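Position 17, counted from 1, in the first sequence is what my numbering calls 240; the numbers after and before it change by one each time, with no gaps.
List of simulated lysine to aspartate or glutamate pairs, EDC-like, C-alpha gap at most 16 Å:
no.: 1; residue 1: 611; residue 2: 591
no.: 2; residue 1: 625; residue 2: 504
no.: 3; residue 1: 625; residue 2: 505
If you anchor each label on the Cβ, the simulated ranges turn out as follows:
no.: 4; residue 1: 531; residue 2: 572; range: 24 to 30 Å
no.: 5; residue 1: 499; residue 2: 690; range: 29 to 35 Å
no.: 6; residue 1: 455; residue 2: 499; range: 21 to 27 Å
no.: 7; residue 1: 600; residue 2: 669; range: 42 to 48 Å
no.: 8; residue 1: 531; residue 2: 665; range: 28 to 34 Å
Keep in mind the hints are simulated off the structure, nothing from the lab.
In this text, all values refer to a predicted model and were calculated from it rather than measured experimentally.
For each residue, glycine too, the CB sits at the ideal point set by N, CA and C.
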Amino acid sequence: MQYQKRTVTCGDLGAADVGKNVVLNGWVHRKRNHGGISFVNLRDRYGITQVVIDADSPPELQSAATELKPEYCVAVQGIVRARPDTMVNPDMATGALEVQAEDITILSRCVPLPFQIEDKTNANEDLRLTYRYLDLRSFSMQKKIRLRHETAFAVREYLVGQGFYEIETPTFIRSTPEGARDYLVPSRLYPGKFYALPQSPQLYKQLLMVSGFDKYFQLARCYRDEDARGDRQPEFTQIDIEMSFVRRDDILTMVEGLMGYVFKKVLNVELPAQFVRIPYDEAMERFGSDKPDLRFGMEMQDFSPYVADCGFQAFKDALAAGGRVKAIVVSGKADYSRKQIEELESQAKIYKAKGMAWMKVNAQGALEGGVSKYFPDAALVTRGLGAKPGDLILIVADAKAKIANTALGGVRSKLGKELGLLDPAVFKFAWIVDFPLFEFNEDENRWEAAHHMFTMPQEQYLDTLESDPGSVKGDLYDLVMNGYEIASGSIRIHDSELQQRIFRIVGMTDDEAQKKFGFLLEAFKYGPPPHGGIAPGFDRLVMLMAGETSIKEVIAFPKNTFAMSPMDDCPNEVDEKQLKEIHIKIVPKEEPKA
RNA sequence: GGGGGCGUAGCGAAGCUGGUUUAUCGCGCUGGCCUGUCAAGCCGGAGAUCACGGGUUCGAGCCCCGCCGCUCCCGCCA
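Modelling step: build the complete structure from the supplied sequences, incorporating the hints.
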């Protein structure tokens, strides 16, 4: 096809170009016809330029212009001219100029659109994903994809500058049933055997440390076959990092430097040189979450000092059972209706709380409503909690500390959202440190690794690993920001004996360990260096930088909630022939028994 | 596995507690007019088995049951 290739883009014409003969290639964003004169807003990745078809243009040009419809792809040749003063559009980057068309060539046509291409699209997500290539035409989406690119570039720039090598690791790997469910890839050459897609390059990056690549990173695609969320996709990207001869603080400092660089470079936002560090236990008690949103206060407080003398049995029972009674003060919200409070209570119940108590501080400073009658000494309570007249006090009690904390923490998060306390332009980072190394799995009646089995226990617990696993803290750290976990890492075990002790504690026999991780244990016989690492979630990071609440907004072609792609209808059935080659037989799903 | 929300023209929404109905509005689409707009304007038009299947009722977009789809959340995510 003969057509004129662009000499400029729709975003870069300036005053100096007036009088020039230019060619633009782009899409018809909008067209306005006034009978004689007509205007076309031509759009490409770089911007929008107004093309004018004058009333006295030749008939061929006029008819070409008449034919144009939204999203036609065209080549326009014409002369750049300044707009008359009164017709300058100050809202447009190129609003002082326009191109007087001399020739318009339609490169391709466009059928009526399923939804309009505009920044604040009103189409629902399913439709946007079905026509993702159209959705991505909007400037708002182009901007997010660009932000992602720039962030990736800045990450590489910084880490390479710090002496890191980017090294690829395999995406067909050995399946290890620990952790998330694996995506499996059947093997054609080995009937009945499978590769797994990596949940993360964890073991490979540790092996790279054994190899002596003491600073490694990779923008690694990871795969986990678990249910999706706003901040979770079945495939996602992490900035995988591992370093040798480091202690915890070396990693934290390095990531602080990385984040500082990226935010400055990409968003021109200055981050603090260091991020606050909060021990896990403290985060749970203060915020009811291991990924607290620090953009607002409303911290949870211990309500137990007021319980002993009160007549409210539920609170006493919770404490007697070793649980918690926790409160938050909602400033100025004594005017909340019963219905509003019930909605908050239902939020608490999502996290298995049995209920949520409340009371209000009236204008005189007295307690009223809810459970207030059980607390005759209002001043004691309000002074202790720092509650002022007009405040609302919410209380959750439970025999299990975790339930009381997470439930009220959930209420705190909901209130943060509801009260507009979450400014997307504010970025509050924090390190959560001193995580427990083990968690007790009640269903299986055994201890399991809270993070993963290669995490170093903190030194002071080495003697009590076996006798008291529950109290062991690991050399573990999460980076959190605005209520999201955006990185997780640890110092690793590089000692085979210690590693075997851990395996035994989580109930893995030496044989099993050998079978599953023998190659790692073997490698660790050959002078492994002390090492540790971390893996920031790249999609979540970009999501927050973009001020979004779903990572789908910053992934070009994401999956929907059910791990499907509505655009190409994936996953899909495959031919019998393909199945035969990989030795797979489909067993039909059993009908539920009546 | 469980819970909340949604489903009405191509898109987004309204439609009160079942009853003037030919299901309303905005955008888009389409025909016409219009020489400076930029979310152009004005006049006209087409376009909907109210997700789907049952049921209750004299009468269902609205109530009930089932089912499908999307979305958010709990579980899950070492």
